[in-house]
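*Asks:* Note that the working numbering has the sequence shown beginning at 1, numbered continuously upward.
Hints in this document: simulated from the structure, not taken from any laboratory. Worth double-checking, as some hints may not be accurate.
[Claimed, not checked] In silico DSBU-like links for lysine-lysine, alpha-carbon gap of 35 Å or less:
1) 107 - 156
2) 149 - 101
3) 220 - 107
4) 149 - 220
[Said to hold, decoys possible] What follows is a set of in silico ranges between Cβ atoms, one per label pair, in the way DEER data are often shown:
5) 273 - 155: 38 to 48 Å
6) 109 - 279: 44 to 54 Å
7) 203 - 113: 29 to 39 Å
8) 220 - 150: 38 to 48 Å
9) 101 - 202: 27 to 37 Å
10) 54 - 220: 38 to 48 Å
11) 37 - 201: 34 to 44 Å
12) 275 - 154: 44 to 54 Å
Using N, Cα and C, we set each Cβ at its ideal position, and we do this for glycine too.
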Amino acid sequence: MTAVRADASGQFMIGDVLPVNRLGYGTMQLTGPGVWGPPSDPDHALRVLRRAAELGVNLFDTADSYGPLVAEPLLRRALAPYADDIVIATKAGFTRQGPHKWTALGKPAYLRQQCEMSLRILALDRIPLFQLHRIDTEVPLEDQIGELKTLQDEGKIAHIGLSEVSVDQIEQARAIAPIASVQNLYNLADRSAENVLDHCEAHGIAFIPWFPLATGGLAKPGGPLESVASRLSATPSQLALAWLLHRSPVMLPIPGTSSVEHLEQNVAAAGLHLTDEDVAELTSAVTSPS
Numbered sequence: 001m002t003a004v005r006a007d008a009s010g011q012f013m014i015g016d017v018l019p020v021n022r023l024g025y026g027t028m029q030l031t032g033p034g035v036w037g038p039p040s041d042p043d044h045a046l047r048v049l050r051r052a053a054e055l056g057v058n059l060f061d062t063a064d065s066y067g068p069l070v071a072e073p074l075l076r077r078a079l080a081p082y083a084d085d086i087v088i089a090t091k092a093g094f095t096r097q098g099p100h101k102w103t104a105l106g107k108p109a110y111l112r113q114q115c116e117m118s119l120r121i122l123a124l125d126r127i128p129l130f131q132l133h134r135i136d137t138e139v140p141l142e143d144q145i146g147e148l149k150t151l152q153d154e155g156k157i158a159h160i161g162l163s164e165v166s167v168d169q170i171e172q173a174r175a176i177a178p179i180a181s182v183q184n185l186y187n188l189a190d191r192s193a194e195n196v197l198d199h200c201e202a203h204g205i206a207f208i209p210w211f212p213l214a215t216g217g218l219a220k221p222g223g224p225l226e227s228v229a230s231r232l233s234a235t236p237s238q239l240a241l242a243w244l245l246h247r248s249p250v251m252l253p254i255p256g257t258s259s260v261e262h263l264e265q266n267v268a269a270a271g272l273h274l275t276d277e278d279v280a281e282l283t284s285a286v287t288s289p290s
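Build the full structure now, drawing on both the sequences and the hints.
*Replies:* Rendered as structure tokens:
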């Protein structure tokens, strides 16, 4: 049986010029517990990344803080030299003090340092999508976005993205530099960023939902998607991803996993076609805090 490929999810043009298959892959789960330290099986992590590329995944989301300095080196080992269609989206703006500990740092000199480090670690001449991992409230936004714009003007990054932002913050940033993507928490069970998604759709900005599966909560046995999944011969995770793909043409889910088997199941969601009735049933099956 031929495996479903990620290109079945359709394509989106980041910044109107950079094509990606809409179903991508997020590297955070390739690190140790608490997004800290290396994976327990580095060789298997490499197999996951290479299998993702084999299945047509060409948007790989990562960050300098994943590990830290674990996910980016794994990407390089697995995929460099990169195929022409591979798009690496990395992030900077967080420092790490231990497992589950994150502190925003948006000083321009730090963002520049991390961009230079990511270029070297990933073996890239230019980062296709460089995202501000968090806005640092202690640093003027114009200084943070302004430094990214300078890096863009220097040719070190192609496109600028934001993470966990409001509509007002997107517009403030867009007054300084073009914004190609927004990465906010969003999934079937948490649609609190609905207005941000709608704003991105209206302006052609890629919306990259992190925790698209609510870290597995939607997929647990007996969960709210189980009955629908049984009727459609799909897994709850596949339904959750298919629902996201159906929700908006600018949606680029990046489910992460450390398992080749789960990766293949996730990618297969690209070939799952939901009817309007299916979507309505899924939407009403889960109560969102929005």
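*Asks:* If any of the earlier hints don't hold here, list their numbers in rising order.
*Replies:* Numbers 3, 4, 10 - these are the hints that the structure violates, sorted from lowest upward.
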